[in-house]
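Position chain P relative to chain U; hints supplied.
Those sequence lines, one after another, are chains U and P.
Per this note's numbering, the very first residue in the first sequence carries number 1; after that it's consecutive.
Per this note's numbering, the very first residue in the second sequence carries number 629; after that it's consecutive.
Wrong hints could be hidden among the right ones.
[Said to hold, decoys possible] In the DSSO-like style, the derived pairs of lysine-lysine whose C-alpha atoms are separated by at most 30 Å in a straight line are:
(1) P:LYS663 to U:LYS263
(2) U:LYS362 to P:LYS757
(3) P:LYS757 to U:LYS356
(4) U:LYS240 to U:LYS252
(5) U:LYS362 to P:LYS663
(6) P:LYS663 to U:LYS356
(7) P:LYS757 to U:LYS273
(8) P:LYS663 to U:LYS267
(9) U:LYS423 to U:LYS240
(10) P:LYS652 to U:LYS273
(11) P:LYS652 to U:LYS265
(12) P:LYS757 to U:LYS267
(13) U:LYS573 to U:LYS24
(14) U:LYS443 to U:LYS432
(15) U:LYS206 to U:LYS433
(16) U:LYS246 to U:LYS405
(17) P:LYS652 to U:LYS267
(18) U:LYS273 to P:LYS663
(19) U:LYS356 to P:LYS652
(20) U:LYS362 to P:LYS652
(21) U:LYS206 to U:LYS193
(22) U:LYS265 to P:LYS663
To be clear, the hints were calculated from the coordinates, so they are not data collected in a lab.
So the chains spell out like this:
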Amino acid sequence: MVDRYNLISLRVHNFMGVEQSEIKFTDQEKNLRKVMTITGHQGGGKSTIIFAIQWCAYGTSIGATSRRLSRTRLYPGKWGGKQLGDISVTIRLRPVGDYGPDSDIFCKRVLHEDGELDSLQVTIGPDNFDEIESKNYFRQIFGKPPQIEQGAMWVIRKEEMQRMAETITKTKSSYFLDFMNLDVPLNVLSELKSDNDNTIERIGRKNWPSVHQLPILDASRNSLRDVIREDKMEEEKLIKWINENKPQKTQKDLQEAKETFDKAKQKFVDAEKSLSENRLRRDELVDLVNVLLSAKLDSSGIPVEPSFNSKYDWEDIASYLEKTRRFTPNVTNSIKELAKSSGYDTSGLLDRQESKEEWIAKIRELRRALNDQINSTNEIRQLESIGLTQENLQEISRTNLEFEKKTKDLGKLSERLSQNLEKLSGIESEIKKIRRSETNESKDKIKLDLAERQNNLLNGLMDSIEEANHQYKIDLLSQTIKRVKYFWDIIDQRREYVPLLIETPTPQFALENLSDSSVRYVQLDSSTGTASGGESQLLLICTCLAVSESSGAKMPIILDDCFTDVDEPTVKKLLSTVSEHFNSLIFVTNYEAKAKLIQNNDGVLRISRDHVDTYVNAKNSENWAKWE
Amino acid sequence: MSKKLSGNTTHSIPRRISSELGNKDFLTLRGLLDKEFSGGAMTAIMCATLALITENTSVTDSDEGSKFRYNDNERTREVFPSLFYAVGRMNPQVGDEDFARFIDHTLINSGFDVITRNTAIELCDLMLKALEN
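The following block holds chain U by itself, in its conformation from the complex (with noise of 0.2 Å):
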């Protein structure tokens, strides 16, 4: 088993402001360079070799923008946030010991332009590409990739050493116990707890309609059945006699025809009235009789002579006077023949011409009045040859109405058979609801107890597993402590403090005063983020450095100078003790003097922009990386 790796050189393509460039970290005899210190001004690309070399390690967190390494934040600027091309970072590596360039390792990550993921090659040597070797040298060289952001135990910068304070004063989750894998059954567990209240509560919301309400509704449906099947009945009787009662006549044809009739009734009762008004008075008689004949002798040419007897007997008094015999005979004579030619009472006969325009007048109304009363009888009789009589109009009339009542009847019935029915169906729908729901209540019935059950499981195992965390988390830090307190005894020069585990009521690292035994807690710099004085961070290096060195990773440590408040002395000691530990160093500064306090330094790499108009391509990549 390899103990670490040594970098041989570092190809990047198109990473952030690269374009072109080949680092080799190798002097002009191919020696290795295991103790090293990149620096330059701040902007010149330090970081950029170190996110190179991460990115390498663990690829792109596609999608996450905010990431330090996202997709996005690795193209170079000039791309305007497109990927106009492969992007490609490739690691040499090669063994601690007594290895030769045949064991070189290759680790080659490429993120294709068209690629939806970046991919990591690893081999070695001039062997081909085998994928599940590639995972395997994978997890050897670099370790477990961190659960959150990026990161690698093996890279001690700033970010690290404040996610390691959080982590060594705090209980969330952090860097360190993510690194370690402990909470994730809890967080697991947490969600499945998460989703089990949301199936509570889902299910608690719901309102079942009451299975009580079923015998209501089942008598509700029988009656409503029997009002249905009785209503259908009529409606089928109903229908049967309207069916055979259809009248002949419409009511309008009725209507016509009862006005046609009344019109002629009319006509003949008023012909009657006229009739009645124009009748010949019996006491009439006496005078049209007169004048009938008066109109009869004067057609017949006979003159109407006056009359002198009606009142006396000429012959009497004739005889009278020739018994007194005081006249002549011719006058007793001319006397009696008065009785002999006018024997009657002409009076009624004489003068009549007025009266008998009057009689004219007055039988031509007679007869006009005849002729109307005829008529309006003849017209009434045709009515009712045709079957028009009065008594037919009331019978039909009467039918009419019957029909159109059942008609209207029918249609109140079959709308009240369709609202029945509607009501029956919505009914039925409500039994089979509520039937349906009985089944479904008892599913969620069950639901509802398994989750119940489960988050009782769940309460308790989780109890549990925060005990054990708690509990593992104290012995993790107990064991990490031992090794924190290593390196704090070989770098620590005041000799003021020792590192101290505090058990309760969280498990925290701090530092003890020797010489009055008081405690003091990392305190973090709320606008920095970082821990505030030198010895909160050294204690964060020294745990960063035990966490490493149990991390698995055989990566060279890369030291970013983030130890500001750390003495000189420390810090000089610090470098030796890492290159020593780990048999390999990177230290990045951007200070000249701090460069220069790494013992056995194989080499300073500058960075530097100075000669480097934009990108780094492979005309100036020699001036952007130049090894003093």
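Then chain P, alone, in the frame of chain U:
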């Protein structure tokens, strides 16, 4: 009996137009009268008048009918002289002995025949014809 008849003369009308046994239709002159004839005198005068104006003497019936006298009714007393006068003047060929029988047997029955053979309107027309000539 002379040609001169008095109101006490007894004649008869056919039973079919008598008040007791007659047809209502005939008794109202086919509906021209507002009321039926009351008494045989006026019926007989009307029948004879109709026979005269239509110059119908086609029917002679000697069967005994419903008897009456012209004086039976106050109204007929006023008019029977006009009838007798007209009959006498228009039928000069009828002798004195036949005069009463001519009225009784021929004119009254012929007039009744006119009533039975004509409708109300025809009767009107007959009267109008007589008046308008």
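| Going through the earlier hints one by one, which of them does the structure break, listed in rising order? | none
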